[in-house]
Structures are given as structure tokens and as C-alpha cells.
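Chemist: What follows is the residue order along each chain.
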Amino acid sequence: MAKTLYDKLWDAHLVKDLGDGSALIYIDRHLIHEVTSPQAFEGLRMAGRKPWRLSANLAVPDHNVPTTDRHNIEDPVSKLQLQTLDENCATTGIIKFEINDPRQGIVHVIGPEQGASLPGMTIVCGDSHTSTNGALGALAFGIGTSEVEHVLATQCLVSQKAKNMLINVNGQVGRGVTAKDIILAIIGEIGTAGGTGFTIEYAGDAIRELSMEGRMTICNMSIEAGARAGMIAVDQKTIDYVRGKPFSPKGELWEKAIESWRNLKSDDDASFDKVVDINAADIQPQVTWGTSPEMVVAVGDRVPDPGSEADPVKQQGMMRALEYMDLKPGIPVTDIKLDKIFLGSCTNSRIEDLRAAAKVIKGHKIADNIKLAMVVPGSGLVKQQAEAEGLDKVFVGSGFEWREPGCSMCLGMNPDRLEPGERCASTSNRNFEGRQGQGGRTHLVSPAMAAAAAIAGHFVDVRSFGE
Amino acid sequence: MRAFKTLTGIVVPLDRPNVDTDAIIPKQYLKSIHRTGFGVTLFDDWRYLEPGKPGDDHSKRKVNTDFVLNQPRYEKGEILLARKNFGCGSSREHAVWALMDYGFKVVIAPSYADIFFSNSLKNGLLPVVLTESELDELFEATFANEGYQLTVNLEEQSIITPDGKAYSFDIDTGYKNRLLQGLDEIGITLRDRDAIRAYEDKARQLSPWLFGDRT
Ligand code: SF4
Numbered sequence: 150m151a152k153t154l155y156d157k158l159w160d161a162h163l164v165k166d167l168g169d170g171s172a173l174i175y176i177d178r179h180l181i182h183e184v185t186s187p188q189a190f191e192g193l194r195m196a197g198r199k200p201w202r203l204s205a206n207l208a209v210p211d212h213n214v215p216t217t218d219r220h221n222i223e224d225p226v227s228k229l230q231l232q233t234l235d236e237n238c239a240t241t242g243i244i245k246f247e248i249n250d251p252r253q254g255i256v257h258v259i260g261p262e263q264g265a266s267l268p269g270m271t272i273v274c275g276d277s278h279t280s281t282n283g284a285l286g287a288l289a290f291g292i293g294t295s296e297v298e299h300v301l302a303t304q305c306l307v308s309q310k311a312k313n314m315l316i317n318v319n320g321q322v323g324r325g326v327t328a329k330d331i332i333l334a335i336i337g338e339i340g341t342a343g344g345t346g347f348t349i350e351y352a353g354d355a356i357r358e359l360s361m362e363g364r365m366t367i368c369n370m371s372i373e374a375g376a377r378a379g380m381i382a383v384d385q386k387t388i389d390y391v392r393g394k395p396f397s398p399k400g401e402l403w404e405k406a407i408e409s410w411r412n413l414k415s416d417d418d419a420s421f422d423k424v425v426d427i428n429a430a431d432i433q434p435q436v437t438w439g440t441s442p443e444m445v446v447a448v449g450d451r452v453p454d455p456g457s458e459a460d461p462v463k464q465q466g467m468m469r470a471l472e473y474m475d476l477k478p479g480i481p482v483t484d485i486k487l488d489k490i491f492l493g494s495c496t497n498s499r500i501e502d503l504r505a506a507a508k509v510i511k512g513h514k515i516a517d518n519i520k521l522a523m524v525v526p527g528s529g530l531v532k533q534q535a536e537a538e539g540l541d542k543v544f545v546g547s548g549f550e551w552r553e554p555g556c557s558m559c560l561g562m563n564p565d566r567l568e569p570g571e572r573c574a575s576t577s578n579r580n581f582e583g584r585q586g587q588g589g590r591t592h593l594v595s596p597a598m599a600a601a602a603a604i605a606g607h608f609v610d611v612r613s614f615g616e
Numbered sequence: 004m005r006a007f008k009t010l011t012g013i014v015v016p017l018d019r020p021n022v023d024t025d026a027i028i029p030k031q032y033l034k035s036i037h038r039t040g041f042g043v044t045l046f047d048d049w050r051y052l053e054p055g056k057p058g059d060d061h062s063k064r065k066v067n068t069d070f071v072l073n074q075p076r077y078e079k080g081e082i083l084l085a086r087k088n089f090g091c092g093s094s095r096e097h098a099v100w101a102l103m104d105y106g107f108k109v110v111i112a113p114s115y116a117d118i119f120f121s122n123s124l125k126n127g128l129l130p131v132v133l134t135e136s137e138l139d140e141l142f143e144a145t146f147a148n149e150g151y152q153l154t155v156n157l158e159e160q161s162i163i164t165p166d167g168k169a170y171s172f173d174i175d176t177g178y179k180n181r182l183l184q185g186l187d188e189i190g191i192t193l194r195d196r197d198a199i200r201a202y203e204d205k206a207r208q209l210s211p212w213l214f215g216d217r218t
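Residue numbers (this note's numbering), protein chains in the order written: chain F, 150 to 616; chain Y, 4 to 218.
Isolated chain Y (complex conformation) (with noise of 0.2 Å):
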């Protein structure tokens, strides 16, 4: 996993509620194999003009250009601004993967849906809870400021304006920690193998049922 610290980035503002996944990264393209390549079709159906598809040259196709992604003031973008429950539907983590293949390293909004904040986590992808007004101010000053930069601090928990203005924001602890080290969960948790061995003894014998192959 990506480890996040500290960023300094161009912010975008996404002003809807209930952004779905489908909307992140239409199902098309969820036949890939692999995590990469997602980018370009980050909020496909709204960023161009006409359906596309796996192996499309997308540099080609038409673009929206009232969508924000298209904006040459948002180019370049690193933090996204969202509403409330952002990232509801799926449990694609292709979602994740297609906003930071785009280059966003952080969200920030007043919910997510459950599944989404947590693949967010495990990628390196920053979720930033706010308040709602919060959020309006921070969408407010992005509308009126062209190249507007928000300063995002995970080890103090802090958002910082261009003017000096801070917000804080809570994060689990343990999620703090592995974002900023970056650690593979997965290995983490097999130093635990023991602990796993132990619960499996206990279990087979209070459930055998749970452990026997197909009868």
C-alpha cells in the first residue's frame, strides 16, 4: 500500500450527493485484470459524451466539458471534494483504483458508504470526514478561486487553507498508523498465524460442521 503523510494539491470540486461507484467506474470496464489503467475512465459517463469502452483510445473520444474533471482550472487534481455518502453501491475497488490512477490521494466529504472507506484505507486513498458546512465553505472557496490548494496533514489531522484556515478531522488510530507506514495488511495479520491456528482449534471443535469439505 501507498503510504500518505503530508500533501500540498490542486482540489476538485465534485458537488453532488450519493456519487455511486457506477458513477466512479462504470461496470465496462471491470473486466480488467489488473489494478492500473483505470484513470482515464474515472466518472466515464459524465466526463464524455458518448459510451465507451475496454480498449477505446479515450484521448479520442468527446469530452464534456461542463464536467468538472475537463476543467483546465482543475487540472491536475489531488484532493477531491465530495458530498454526503460518496462512493454508495458496489464494493468495486476499482472505484478506488480509478481515483488514484487519476492521481487523487485524498477525499474529503461529510459520509462515505461503509465499503468504499474502507478499500479507500487499504489503497492509500486518504477519506477525510468534515462537517456538511465545513464542506460548503471549502466547495465555496474552490468555486471562487481558480488553482485553489488545500494543504492535507494526516499525522496532525489537519486540512489547511491557503489562508491559514485549519480544519481538523478524526481517523482511527489504527488506520492512521498503516497509512502513514504504508504496511501490508496482509502480513501484519499473518503474524498473528498462531492466534488464527488457535481460534481454528477451538472452532473445529465447537462447529465441526464449518470445517468439513463437501459432503
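Same shape as in the complex, but just chain F (with noise of 0.2 Å):
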């Protein structure tokens, strides 16, 4: 019978169909970070158990992570969880990338760049955005507590399969529109409960066309779609990146493997439980305007009034959204001034990100009412590597602040966050209330859009600034 990506690696990962809609899946990597694991393996303990597989995992802080001064935590409920991952990872004999290793930064960020995310492996972490990974024609996804315990103690995870959805991103995008405001348009169209109880294939030409970071983006959101995984077919430019990673297989085993990897996509006729099409050529660059990610625009368009909203439901969220993100219906994105900017987190904070954003503000100053511009690059290799190419001058010289690797202002859980009523563009994924710290305004974007609104002050098109 013919199979969807997404049925071959459940079918290659079974263990045991435990005979109740259940089932026992093998996991083939387990990365771990220090806020979701600490109960894990407190649970562990008092059961007396030990890991199933050491090598299977991976940990790395990042969420509490200071983006300043590395070696002086300040805040000690924060220190004391980066010591018990440092403690857990020690008496277990876990591979750890420490604080100040270059290799240290976003789980979602290093598992790819390190290759210990691989091609038709089983991916969890205690993270939702462990989709990211799925970008590499891998089954990935975000598990709970108990689920990362249980990872650890027994290489497996009682799952229920969940339905086949395959979204086309058909032709191609125009110029300016990047992989974030692809996805931001997919949540758009289809809510963020539209993924609940599938798992996303993302196909089409605009997909394809994308580099390997642009579809780790796609996948990134899978979870604000509602769908706990996300995934790409394989192609020439999955193996092209994840050649000569340091965790990825070599020589003899490296011809294996990619001889194996070339099987990942969908079968031709391989049926799907929903199919949603979209034109790419439609695609706008994406700006949020409330409290969550389906609640989004195109940037030449305005805030939507809750008036012309049929659904009641909808309509008082709507109005609730309006209220906590200060914003009248019917004004122009354009209008929407901002106080401060994050560059960062696992959706956009890989080489290429800063990249497009530099390119934007290249020459250019931040605006005067922006009270912080900060960039945090999602690891320590994407930083240094920045460096070598300039970049960290460009965006210090426009009045950015270059910071550490880590999740920063993401969720807030470092120092760096928003104060109440102050609004932000961010690169992140989330734009709930209070996620960037409470009283907090969150509007998503791309990278270069964040860029371009750095300087103008406000939201611009970027596809006619500096024109």
C-alpha cells in the first residue's frame, strides 16, 4: 500500500502495537534542555531507573541562559536549574554541551547543526518546537514531562498515531517573502487548531525551493498550526547538509545511510486525510497583529475590525486581542510603532536569518523610538560564524546589541524581556499574552521585516524600504 512519509517512519519505529490505539515507538535521539527535565529525572531516581540508551541523548541550557555575562547568574531559582541539568547530566553520564561551549545554544538550533538530528530518526524533546527537526525528513516533535521520563527510562513512547495532513505551497514565492511569512500565511488560512491531530507534510515548490533553514522555520511552527510534528521529504539538499556534521555518519555508513535517507517522501499515490493548497504568489509578508499567531496580516493590509466577524467566538477574541495589544480595527499595519526588537529564537535565529536582516539595515540606523534592538544568534557556531562574515559589525554599527546564544526573549525566562504596554517585533513564534514578559505586545515577523521595522520605527514593507 502506498505510504506517506509520515506512515513509513511510524511504521520503521514501531515497537509494539500495544493493541488499544496505542502504540510503542522507538525514539531515536532524545535532546533534553534544563526547565522541562528536572521532574524527569527526579522522577527517575526515585524509581530507581536508569537511562535506556545514554547515547541516544543530548542536553543543552538555553532557555535560562543569560545573553550577557555567562558566568554570573543572578537569579538563583534560574541558576539552581541550569546546576540540576549540569548535576543530572553528570551522574547519568548525558552528553552536555556546556554553557560556555561554542557548540551551546537552542536545542531546536543544534540538534540539526551538530547532525545529531539525522534523516528518518524519532526526535523528542520536552519542547513543542521540536518540529523544527522534521525539516530533515524526520519524525519530530515536542513531548511532555512524564513522556521525557519515560524517553529516558525505556528508549520509547506509548503514542497514538496521529492523522496524515499534507499542505502544497504551490509556484513560487514573490520576491522579499521568506519562509517565515510562508508559514505565518499557512496559520493564517488554517487556525491554529487547524493541525490538532495531524501530522504536516509540507510539499510543493515554494517548499522545495527553500533552503534546509527556511524549512526548519516551516517546520518550527508546526505546533502554532496545531500540529505536534511537522516534516519535508528528503531531497539532494537534506543530504547536502547534513554531510560532514559532526554527529552524522561517516564513510562507509554515510553511504548507507543516504542510500536509506533517499526513500523518505510520500509514495506518488500515498493518500492523505487533508490536503489544503495554497499559491504561493499569493503570499504577503506577515505581520501578527493579536495575541495568537493565526491572528495575522498581510503588512499593506490593516488591523481587522471584530465588527465584520460572524462567529461570536471569534469575534469577542478578537475584541479581547484588540484591548491587550492596544491597537484600533481598521488602522494600517504600517502605522504600528514599535519599542523594541528581537532578532532570535529557534524559528529564526540561524545564519541565513541574520543574513536577510543584516543585508537589511546595512548603512542604515535604528529608529530614535526604539528603546532596544537586539540580535541572539541561536548558537554559539551561528555566532562565530557570523563574526567571520561581518555581520555582528553591521548590526552593532546600526545600534543592534549582539548578544549569547540562548532562547532570550523568546519567553523571558533570561532577563531579557518586555516591560508591560511596551511593544515588539519579534522573529519568535509565540505572540500570547505576556510570552515575552507580562503586559508585553508581540507581533511576529520575518527577519527582514524586523529589520526594516528597526529602522523605520514602525512596520514597513520590506519589499520597498530604502526605496
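You may find that some hints are simply not true.
Distance condition first, Cα-Cα at most 20 Å in a straight line; then the derived EDC-like pairs of lysine to aspartate or glutamate [as the list claims (entries may be wrong)]: (1) Y:Lys205 x F:Glu362; (2) Y:Lys87 x F:Glu568; (3) Y:Lys56 x F:Glu568; (4) F:Lys199 x Y:Glu188; (5) F:Lys312 x Y:Asp175; (6) F:Lys199 x Y:Asp187; (7) F:Lys199 x Y:Asp195; (8) F:Lys463 x Y:Asp18; (9) F:Lys228 x Y:Asp59; (10) F:Lys463 x Y:Glu143; (11) F:Lys157 x Y:Glu203; (12) Y:Lys205 x F:Glu338; (13) F:Lys405 x Y:Glu203; (14) F:Lys463 x Y:Glu135; (15) F:Lys199 x Y:Glu158; (16) F:Lys165 x Y:Asp195.
Computed footprint of chain Y on chain F, listed as stretches where at least three residues anywhere in the stretch have a Cβ under 8 Å from a Cβ of chain Y [said to hold, decoys possible]: (17) 216–230; (18) 270–277; (19) 300–313; (20) 338–351.
Hints were generated in silico from the structure; no laboratory data involved. Just so you know, even glycine gets a beta-carbon here, dropped at the ideal spot from N, CA and C.
Build the complex: two chains, separate frames, hints provided.
Modeler: What follows is the structure in C-alpha cells.
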């Protein structure tokens, strides 16, 4: 029978059908960070259990790490959580990148960067944006802490198979339209619960044309579309990307691996439970206006009017969002003035993101009303690469702060956050109430759009910026 | 895991869709390395008027009296009524721990985010799915009657109102049995250790690169 890519990955990892609608699935790679793991290690210890297979695990601190001084963590609670990860890895023998290791970074950035995430793998992490790794043709999804403990103890998960959804982005996107705009437009179309219960495969010319990093941005936000996992078929780009990474197979094993990876695509006649077609040419640079990623419009549009929404529950949600965001319906998006700019997060902190932003700001200064514009590279290696290309100088020259890698203001567990009422153009993935700091207002955009907004002081269409 | 069989409890109506896990338990509290103590900061941003942080004496903070959890009529609530896509956002299990630590044992909503749903089941918080219109009825009844209670019976898969109306709900058999017995899922999986070993032997042949250490 013809299979989807998801079917293939699922079948290849099936240890046992449990007969009650769930199955035992084998996990090839388990990535660990400091926030969702302490209680799992605690549970393991209390039950007298040991990790099943040490080499399947890789740990890194990212959520709490300061982006300025790395050696002096002021918040005692953050410090304890980071120390707890150290201790848990030391006692179990799990490999961990230290906070000052150049390989440290956001867990979803370092997995692919290190080749720790490979095509064909099942990859999990106690973090919903694990879906990022699906860009490699892997089944990657976020899990809760009980599941972290379960994977540590058994290398398996009890899981139910999701349904198959195919999202085709057909044709070509226009100039200035990036992977971030594509995924925001998809979420605007299907809604934040549109993918609930599904695994999404992204396909179509516009997806195939994206770089691996662009594909990671797409898969990253699958969770914002409601799907636990998103994935993209393996092609030559995937293989070229993985080649030579520290954890990638070498020599004979490499040859064997790529031979098997070439099968990691849906069969031509595979059937999907749901298919969504999107015309790439219709996608414009996107800006979210509300407190859910589905509350998104094109930069040339206006903030929508709840009055024109027929569904009363939606209408109420829109009104609440506008109030929280302190926006009037009907104003042009380009009239929205900003206080802060955040360039970072597992969605958009890789080298291509930094290059795209640097290209926009080069030779310009940030606007006077911008209190803080910061760049937080996704990993120490991204940072090194950017510095080798002189991008740090471009950022600093324009008035941006150039920081150390971590999650930073994506969720503000470290000292980087919005103050109540502050408005931010952010390249991250969630614009929920209080996400970047209590009372803070987040607008999600692409790196190029965030860069242009930093210079203008308000949103602008990056395609006409500088003309 | 805590077992769940049946419960009669006070109903708390949280009348908004897409309640995300950042709202259920804001990030500053995720720094704890334990599973308990999250109840006082459940829905923190809505519940209190100023920001709080771990270690604060939360009993001294100014409360938002408009928020449902602060209304005396909903005190000691054990059943949370919610709207669609409840628990969307991050994978933080702290959201479930916070709801349970507060005292909730059941959530009733038309739909849930996937990770939240499975986290609930793994901790013994029962996520019941009813239709939007059934939820409308329950919201209305809860608003109209002070001290409104429902009886949730997992064995029978039913919810009974004080005037005897019954709503039935679906739940996957595997989940149901584990919840009823409060079974330790890891213990159950480890009974299949031979099957896991056999899988690994086969996978090691087929895809040896997945089993190497760093090269
Ligand atoms: S960057 Fe943001 S979304 Fe990504 S893992 Fe960190 S906190 Fe989560």
C-alpha cells in the first residue's frame, strides 16, 4: 500500500502495537534542556531507574541562560535549574554542551547543526518546537515531562498515530517573501487548531525551493498550526546539509545512510486525510496583530475589525486581543510603532536569518523610538559564523545589541523581556499575552521585516524599504 | 499517577477559547525543579493585578476580583469548563501540574491541544471532550446557579447534572484503563523490554548509524 512519509517513519519505529489504539514507538534521538527535564530525572531517581541508552541523549541549557554575562547568573532560581541539568547529566553520563561551549545554543538549532538530528530519525524533546527537526525528513515532536522520563527510562514512547495532512505551497513566492511569511500565512489560513490531530507534511515548489534553514522555520511553527509534528521529504539539499556534521555518519556508514534516506518521501499515490493547497504567489510579508499566531495579516493590510466577524466566539477573541494589543481596528499595519526589536528564537536565529536582517539594516541606524534592538544568535557556532562574516559589526553599527546564544526574549525566562505595555517586532513564534513579559505586546514577523521595522520605527513593507 | 474513577465537584467556567499554556502557568514559574507548588500561580497573569515571581508570598499580592478563580462562588472548584483548543502552546507539563495542584481533577472542553491532552492523561487529570453546544449549556447552567456541581463518572463515561441530565463522552480504552487504575506507564512499558531489545537489534542491522556514538 502506498505510504506517506509519516506512515513510513511511524512504521519503521513501531516496537509494538498495544492494541488499544496506542503503540510503543522507538525514539532515536532525545534532546534535553533544563526547563522540562528536572522532574523527569527526579522521577527516574525515585524509581531507581537508569537511562536506557545513554548515547541517544544530548543535553544543552538554553531557556534560562543569560545573553550577556554567562558566568554570573543572578537569578538564583535560574541558576539552580541550570545546575540541576549539570548534575543530572553528570550522574547519568548524558552528553551535555556546557554554557560556554561554542556548540551551546537553542536545542532545536543545535540538533540539526550538529547532525544529532538526522533524516529518518524519531526525535523528541520536552519542548513543542522540536517539530523544527522535521525539516530533515524526520519524525520530530515535543513531549511533556512525564514522556521525557518515559523516553529516558525505556527509549520508547506510548503514542497514538496522528492523521496525515499535506500542505502544498504551489508555485513561487514573490521577492522579499520568506519561509516565515509562508508559515504565518499557512497558520492564518488553517488556524492555530487547524493541524490538531495531524502530522503535517509540507510540499510543493515553494517548499522545495527553500533552503534547509528555511524549511526548519516552516516545520518549527507546525505546533502553532496545532500539529505536533511537521515534516519535509528528503532531497539532495537535505543530504548536502547533513554531510560532514559532527554527529553525522561517516565513510561506509554515510553511503549506507544516504541510500536509505532517499526513500524518505511520500509515495506518489499516498493518500492524506486532509490536503490544503496554497498559492505561493498570493503570500505577502506577514505581521501578526493579535495574541494568537492565526491573528495575522499582510503588511499592506489593516488591523481587522471584529465587527465584520460573524462567529461570536471569534469576535470576542478579536476584541480581547485588540484591547490587549492596544490597537484600533482599521488602522494600517504600517502605522504600528514599536519599542523593541527581537531577532532570535528557534524559528529565526540561524545564519541565513541573520544575513537577511543584516542586509536590510546595512548603512542605516535604528529609529529613535526603538528602545532596544537585539540579536540573539541561535547557537555559539551561528554567532562565530556571523562574526566571521562581519555581521556583528553591521548590527552593532546600526544600533543593535549583539548577544550570546539562547532562547532569550522569545519567552523571557532569562533577564531579557518586555516591560508592560511595550511593543515588539519579534522573529519568534508566539504572540500570546505576556509571552515576552507580562503586559508585553508581540508582533511576529520575518527577520527582514523585523530589521526594516527597527530602522523605520514602525512596520514597513520590506519590499519597498529603502526605495 | 493519580487514579481517577468518579467525582462530584464545583464547576469553574473559564469562558475564553485558545487558552494557552503561557496563560495557565507563566514562564517565570517554570524554573522550579519540582512538580508541586504551582497551584497558587495558576493563571497568574489573569488572577493577580501585578506580576509575580517565584518565591513571592502570593497571599500578599493584589488579586483581580473579576477573574473567576477569585470569585467566592467558585472556590474549591474541581471541574474546569473551557472553550476550544484549551492548552495550546508549549509542551510544559507544568500547566497540568498547576491545574492539579490548584485542585482541578477534570477539564471539560470542546477540544484540546495535543500535547496538553496527553500530558493530562499521564498525570491523572481527566480531559473530557463535549460538543460546543453541550459546553454552551454547561456554561449557562454554571453562570445561572451558584455552587453548581457536576458528577463525572469515568467508568460510565458520563457527566451528570444536578437535575439528572446525562452527557456521555468518548475516551480511548487504553487511556481509560490506565486512568482508572492509576498505572505507572513506565512500569508497563518495561514489561516489554524484550520487544524493545529485539527492535534495537533489528534497527542496528538496518540503520547502524543510529546507534553509533559521536564520530
Ligand atoms: S527559542 Fe523560544 S520557542 Fe524556541 S525553544 Fe526557546 S523558548 Fe521555546
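Chemist: Could you run down the list of hints and mark each one as holding or not?
Modeler: Hint check results:
1. At roughly 33 Å between alpha-carbon atoms, Y:Lys205 and F:Glu362 are farther apart than 20 Å, so this suggested pair is violated.
2. Distance hint between Y:Lys87 and F:Glu568 is unfulfilled; the C-alpha atoms sit about 30 Å from each other, more than 20 Å.
3. At most 20 Å may separate the alpha-carbon atoms for a hinted pair to count; Y:Lys56 and F:Glu568 meet this at roughly 14 Å.
4. With a C-alpha separation of about 16 Å, the suggested pairing of F:Lys199 with Y:Glu188 holds against the 20 Å cut-off.
5. Among the hinted pairs, F:Lys312 with Y:Asp175 is consistent with the structure: their alpha-carbon atoms are about 16 Å apart, no more than 20 Å.
6. About 16 Å separates the Cα atoms of F:Lys199 and Y:Asp187, which keeps this hinted pair within 20 Å; it holds.
7. The suggested pairing of F:Lys199 with Y:Asp195 holds, with an alpha-carbon distance near 16 Å, which does not exceed 20 Å.
8. At most 20 Å may separate the alpha-carbon atoms for a hinted pair to count; F:Lys463 and Y:Asp18 meet this at roughly 12 Å.
9. With a C-alpha separation of about 17 Å, the suggested pair F:Lys228 and Y:Asp59 falls inside the 20 Å cut-off, and the hint holds.
10. Restraint check for F:Lys463 and Y:Glu143: satisfied, since their Cα atoms lie roughly 18 Å apart, inside the 20 Å limit.
11. Only pairs whose Cα atoms come within 20 Å are accepted, and F:Lys157 paired with Y:Glu203 is accepted, the gap being roughly 17 Å.
12. Restraint check: the Cα-Cα separation between Y:Lys205 and F:Glu338 comes to about 42 Å, which exceeds 20 Å; the hinted pair is violated.
13. Annotation: proposed proximity of F:Lys405 to Y:Glu203 holds, straight-line Cα distance about 18 Å (limit 20 Å).
14. Taking the CA atoms of F:Lys463 and Y:Glu135, the gap is near 13 Å; set against the 20 Å cutoff, the hint holds.
15. For the proposed pair F:Lys199 and Y:Glu158, the alpha carbon gap of about 35 Å is over 20 Å, so the pair is violated.
16. Between the alpha carbons of F:Lys165 and Y:Asp195 the distance comes to roughly 9 Å, so the proposed pair stays at or under 20 Å and holds.
17. Here the stretch 216–230 of chain F counts 5 residues with a CB under 8 Å from a CB of chain Y, which clears the bar of 3, and the coverage holds.
18. Evaluation of the coverage hint for the stretch 270–277 of chain F: fulfilled, as 4 residues show C-beta separations to chain Y shorter than 8 Å, against a requirement of three.
19. Beta-carbon proximity to chain Y at under 8 Å applies to 7 residues in the stretch 300–313 of chain F; the threshold of 3 is reached and the given coverage holds.
20. Evaluation of the coverage hint for the stretch 338–351 of chain F: fulfilled, as 4 residues show C-beta separations to chain Y shorter than 8 Å, against a requirement of three.
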